[in-house]
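These are the residues of each chain, in order.
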Amino acid sequence: MNKYRVPSSVNLLRAREYGLENSFIHIEQTRRLANFTLCKYRNLTSYHHSSISTMSLEQSEYRYLLSGGANGHICCHDMFPSNLVVKHPIIFQIDRNSNQEHHTNNICSLLWYPNDNGLFITLGLDKKLKIWDTNRVKTADEYEFNNFAYSAHMSSTTNTSIIAIGHENGDLRLIDIRTGSNSHIIHAHNKKGICLVKWFNNNPHLLASAGADGQVLFTDIRSSRKNYMALDRDNILTDNQQVNSRTTTSTSSIAHHRGVKSLEFLPDNSHLLTLGGDNHMYLWNVNNGQRLLVNYGPILTDNIRIITLACAQMKHDRTKSLVYVPFGKSIRIYDILSGERLTTLNGHLLPVSTCIYNRLSIELYTCSDDILVWAAIKKQQEDYELSMKTQERRYETTRSLGQILNRDQWSDDEDEV
Amino acid sequence: FLFLLVGQDEFSCIVIGRNSIGIYKENEQILEIDSPLLQETTSLISYCPIDDGRRYLVTDDCGKLYLLILESNKHNGSSSTTITDLKLNLLGEISISRYIIYLDNSVAFIGSNFGDSQLIRLLPEPQNGSHLELLESYTNLGPILDMSIIDLERQDRQLVTCSGYAKDSSLRFIRTGIGIHEHASIDLRNIKGIWALKIDNQYDNHLVVAFFDQTRLFHLQNDEIEEIELPAFDFQHQTLFCTNVTSNQYLQITTYSIRLIGNNGQNLLLEWKNENNEITVASSNQTQCVCAIGNELFYFEIGPASLKEISKCQLPYNIACLDITPLNSRDERTNLCVIGLWTQISVWICRLPTLDILHRESLTSDTLPRSVAMITFDGQPYVFVSLADGPIVYYLLDIEHGLLYERKKVPLGTKPTTLTICQHTDLSSTSNNSRTVLFACSDHPSVISSTNNKLVFSSVNLREIVCMCSFNSEYYGPSLTLVTDMGVILGRIDDIQKLHVRSLILGESVKRIAYMDEEKIYIILTQYMDLYQTDNIAPIKKMKELTEQQQQDDAYNSIVVLDQHTHEAHTSVKLLNNEEATSLCVLTFADDPSIPYIAVGTTIVFNDEDVPKCGRLILFRYKNGHMNMVAEKELNDIPYRMLPFQGKLLVSIGTSIRLYKFSLENHELIQLSKTSIECVECLELKVKDDFILTGDLMRSLTVLRYNVDENKFENIAHDPHPQWTKACEFIDDDTFVCAEDGGNIVSCHKNSGSTKEQERNILNELGSYHLGEEINLFRRGCLVTQQTSESAITLETCILMGAISGYIGLLLQLPPTLYKLLMSLQLALAEYVPSVGKIDHGTWRSFDSDGRSNVSSGFVDGDLIETYLDLPKTVQHDLIKDLHGENNVQLNATVEELVKIIEELARIH
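Residue numbers (full-length UniProt numbering), protein chains in the order written: chain X, 1 to 417; chain P, 1 to 909.
For the record, the hints were derived by calculation from the structure and aren't laboratory data. None of the values given here were measured: they were computed from a predicted structure. Just so you know, not all the hints are guaranteed correct.
What the hints assert, rightly or not - If we take Cβ atoms under 7 Å as the criterion, some of the chain X residues that face chain P in the derived model are:
hint	residue
1	Glu17
2	Tyr18
3	Pro81
4	Asn83
5	Phe265
Said to hold, decoys possible - Per the computed footprint, the stretches of chain X lying under chain P, defined by three or more beta-carbons under 8 Å from a beta-carbon of chain P, are:
hint	stretch
6	5 to 12
7	25 to 31
8	318 to 328
Even glycine gets a Cβ: it sits at the ideal position worked out from N, Cα and C.
Based on the sequences and whatever the hints tell you, model everything.
Structural data, given as structure tokens:
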């Protein structure tokens with residue numbers, strides 16, 4: 001926790017005024033990062049009736065949040081403004097009542113087009129991938145597959161148009177949305193299937209895919225080889241010679257003993273976090289495939305098929321990097337490089353599947369059957385409650401306010417730290 | 001820690017750490033320096049090698065300059081050397097440096113962020129305990145922490161900035177005005193008058209200097225000045241007037257007599273004197289001369305070796321001043337004489353040579369006319385009269401009838417003003433044309449000239465001028481001699497008004513400034529840090545107030561009151577330990593409108609605390625050099641900004657904005673209202689009428705209104721985008737500008753006219769622009785005053801901005817038509833004018849902030865637009881041939897119109 005201590009805000013502001021501090025924003029972000037608390041008075045207009053399987057935040061304004069439910073319903077919330085008391089409106093929704101082109105089964109992947117928010121891509125368990133025009137909420141293009149696809153991803157580098165899709169039979173399919181071709185298939189994994197695909201952050205040709213058998217493969221789509229690297233949990237970065245010798249003998253290159261549930265590149269582009277069904281989270285160096293010896297402890301992931309982790313890394317100091325990991329009904333915050341558990345956020349009533357970090361407003365969005373917002377507003381919230389209570393005493397405030405105050409007092413549980 | 005250098009002959013490097021220096025060699029022990037100069041708190045900043053690579057200049061963050069010497073012993077026979085020892089010597093003190101570069105010939109340049117950059121020479125032998133000689137220093141205003149625009153009594157304004165850090169901290173007084181370039185100076189005191197003479201030369205080469213009871217003559221040859229005595233001149237009396245007159249003669253009028261001198265000053269040709277009385281005032285031109293003795297006026301005509309008394313007359317009162325300068329500078333004579341009178345304070349015009357009174361004009365003033373002058377500007381003759389208490393009255397003059405009309409009065413100085421007509425030569429223009437200007441010498445010296453039939457008063461950046469004359473020197477070119485109370489300056493003045501900066505070194509960091517008009521004082525918040533202190537510069541506050549105990553503190557904040565004119569510290573108040581002043585304002589409360597109060601917001605900072613948890617609001621009353629604390633209020637958060645608001649005190653405290661009133665009975669600040677919490681940290685606060693604009697740490701802008709009846713803040717509109725705001729300001733009621741952490745400025749618009757409430761509540765982004773400067777603050781106002789009434793631009797919306805780099809920018813709202821024209825011109829110019837480093841103008845100006853980017857819009861780049869003036873005529877014409885606005889609408893503009901507009905724009909900064 002001490003790592004995330006920052007100078008006193010007065011000193012920091014003074015330093016900024018004198019031009020002594022160039023990474024003011026990042027330091028202020030750091031101050032907030034580890035101090036998230038539930039925003040009790042921020043509600044999203046409720047929509048989903050089933051559990052929410054995935055969410056996606058648009059990357060040009062960091063404003064619109066897509067969420068997809070297990071019943072195939074999709075909805076988009078406007079997350080601005082990030083005030084203390086606010087109800088975020090639904091911008092649009094896609095379900096059987098409102099849109100004929102809706103998905104009929106669980107939503108596996110939601111993707112915003114990285115360059116602007118005029119387009120988004122959805123993948124459902126109805127074997128369909130749809131490309132939507134955001135402004136009209138109509139499909140612009142649709143692809144139907146013969147077998148299930150569990151994951152789709154689009155590279156976030158500019159000028160890319162290729163969507164990678166992982167199929168249940170172990171095939172990697174590449175779709176170029178510019179030409180509409182969907183025929184490029186790489187037989188990457190074995191028949192157990194692919195759980196997750198993810199493009200590298202900084203390279204539009206490199207692709208990471210994770211199989212249900214626990215394999216994590218790196219593929220260069222330009223080369224004819226199946227993959228150029230397979231992550232091996234025994235390939236460990238260490239100074240200990242004994243450990244090293246053991247790795248060389250190992251032949252099976254498996255990243256996790258069971259299926260991989262999460263695959264997340266760090267913003268520095270050189271590390272990868274994987275979370276497996278074997279309840280382990282591993283940190284990898286993507287350049288040489290070595291596993292860094294960081295112990296996060298067991299992370300229970302039962303029931304949830306695919307988990308989205310949220311990573312936050314400070315630009316001014318790469319060692320200050322956090323990961324928000326769904327852990328049953330709570331969210332745990334770990335320091336990535338040391339594995340130290342910083343704090344746990346409690347608030348959901350059902351297992352959490354997705355965490356999304358909004359680095360512009362410094363908030364965390366998490367979902368189980370509802371979507372919650374977390375931000376570093378503990379003090380404001382306390383002040384607000386205090387002022388509301390005093391007002392209540394004065395005027396006998398209306399019932400709606402009473403309702404707000406009588407809500408369950410969820411909060412993050414810092415005692416566990 | 002910081003950097004390393006590799007030696008030449010062997011594998012070694014010097015590592016300069018924060019407070020250590022060592023040499024690391026391959027396979028050898030580390031050689032580390034052990035010097036008392038390097039203490040725990042030292043932190044070295046920059047270094048540079050001196051030619052041979054054996055010596056290095058090293059600077060630290062306190063502005064000390066060290067010399068690092070590598071001592072080596074040569075191996076016998078071989079050329080290789082080994083470094084055996086390191087030595088560190090203190091050379092002296094400089095500005096806190098960011099970079100240091102050794103140039104050549106022991107001259108080094110110091111680039112400073114916090115003070116003036118300097119050019120220094122290293123001396124082999126110490127002088128006054130320092131091995132340095134300061135050759136030149138280059139003004140740097142950065143970082144600008146706060147500034148205040150102050151209307152001086154006269155037309156012009158002064159900008160005071162809080163600049164610099166630690167020991168290099170200073171207040172900078174910025175004014176537009178005419179600067180003086182000094183060629184030479186003579187140390188002479190108590191001068192009453194000065195005249196230039198051409199003796200045996202076509203250039204001015206002699207100076208006649210009048211003192212109370214004597215006259216001295218100086219001869220200038222090249223850059224040498226010597227005092228000489230020519231036999232025909234009278235040196236025993238005070239000279240009243242002296243000039244070259246017709247046929248190579250000289251006229252010297254002293255209190256005793258009028259002397260016509262010929263033969264290059266050798267022979268006295270004629271002398272006229274009045275035995276009974278002294279001559280009091282006199283004036284002359286090439287062929288005419290007038291002088292007054294009490295209330296008697298004499299008129300003479302000058303010919304070759306002749307000085308004829310033509311007429312004389314008696315006026316009812318004593319004559320205070322007179323002038324017979326020809327209205328056309330090529331003429332040798334005039335037929336009008338202007339006279340200023342004592343007692344019946346008035347200006348009279350009389351006809352020459354008859355001395356008939358043509359016109360009497362009462363000055364309707366209590367003070368005497370001090371000098372009069374007739375001058376023609378743009379073909380229009382004027383008569384200027386300066387009064388003894390400073391102001392200037394001027395009339396238009398009807399030459400035929402000698403009538404004065406259209407009286408105007410301009411306040412200038414506060415001391416008696418002397419008017420002198422002089423020739424001013426534009427050095428910048430190639431034609432070398434000289435124009436006649438009127439120089440008003442006083443404690444606020446000004447040059448009066450005319451452009452486009454409009455008189456322009458430009459202030460000269462000298463504290464006080466007693467008298468002056470133009471001096472067309474062979475050696476220096478056309479120049480002026482200016483007499484100040486310190487001596488005579490021979491120099492040249494600028495052709496146009498420019499920004500001029502004077503600095504007041506404070507010796508301790510200054511953060512905020514406020515100006516109290518009632519008492520003519522500046523109030524500044526300073527922070528003293530022992531660590532950065534040096535012996536040379538004492539902190540501004542009075543030393544006597546520092547007791548033993550206080551001096552032990554290594555850091556403390558204080559409130560200092562400075563006099564506006566003398567810049568002396570009247571008084572200072574020291575805050576508690578660890579207490580840091582954050583905000584300051586001067587205000588009057590509605591309940592007590594007679595007395596201005598000083599409000600200071602402070603916070604108590606403990607370094608181990610994440611966010612300060614307590615602070616104070618302190619209210620002071622200032623009277624007769626004493627600050628009295630009248631009220632104090634404890635706070636639980638940081639008061640970032642405060643402002644007077646409808647006779648109350650508006651403070652942004654942490655997450656909220658609060659309004660206080662002052663209760664006279666209890667001497668207490670009473671909180672009236674508080675915003676419901678919507679902000680993260682409310683850093684910036686601005687007020688316009690009922691409206692309050694706040695800038696949040698990370699949530700962009702919010703507009704509030706204070707409802708007096710309900711005593712409540714109403715949320716009017718806000719910008720929903722997260723944005724790290726640094727400063728904000730109102731442009732008008734519905735438009736706002738804010739500066740963002742990434743060096744961008746953004747303008748927002750409030751859609752008041754919308755029928756939907758939701759739309760009215762949202763601030764829409766109008767324009768965004770990458771400035772490339774980290775703006776610390778906006779201030780309404782501008783340094784120049786509106787000169788011409790029929791101008792296309794109004795200065796009401798001018799906003800000055802100050803940045804960390806010392807940049808001061810001016811924002812101006814353009815009318816829509818002009819905006820369209822200039823915007824399309826900008827596009828055309830961006831293509832034509834080559835940019836620095838081939839960075840495309842559009843790319844450079846496009847908004848770019850941590851993760852978000854957007855094309856620049858809504859702002860016109862003034863720097864780029866002004867390059868249009870420097871383009872050749874044909875290019876100017878080509879560029880605007882097909883200017884298109886939005887939707888390809890053809891914009892018609894002629895080159896002349898455009899140049900006029902741009903010149904006008906250029907003139908306001």
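To see whether the hints hold, each was checked on the structure:
{"no.": "1", "hint": "Glu17", "verdict": "holds, 6 Å"}
{"no.": "2", "hint": "Tyr18", "verdict": "holds, 5 Å"}
{"no.": "3", "hint": "Pro81", "verdict": "holds, 4 Å"}
{"no.": "4", "hint": "Asn83", "verdict": "holds, 5 Å"}
{"no.": "5", "hint": "Phe265", "verdict": "violated, 17 Å"}
{"no.": "6", "hint": "5 to 12", "verdict": "holds (count 7)"}
{"no.": "7", "hint": "25 to 31", "verdict": "holds (count 3)"}
{"no.": "8", "hint": "318 to 328", "verdict": "violated (count 0)"}
Checked against the numbered hints given earlier, the structure breaks hints 5, 8 and satisfies all the rest.
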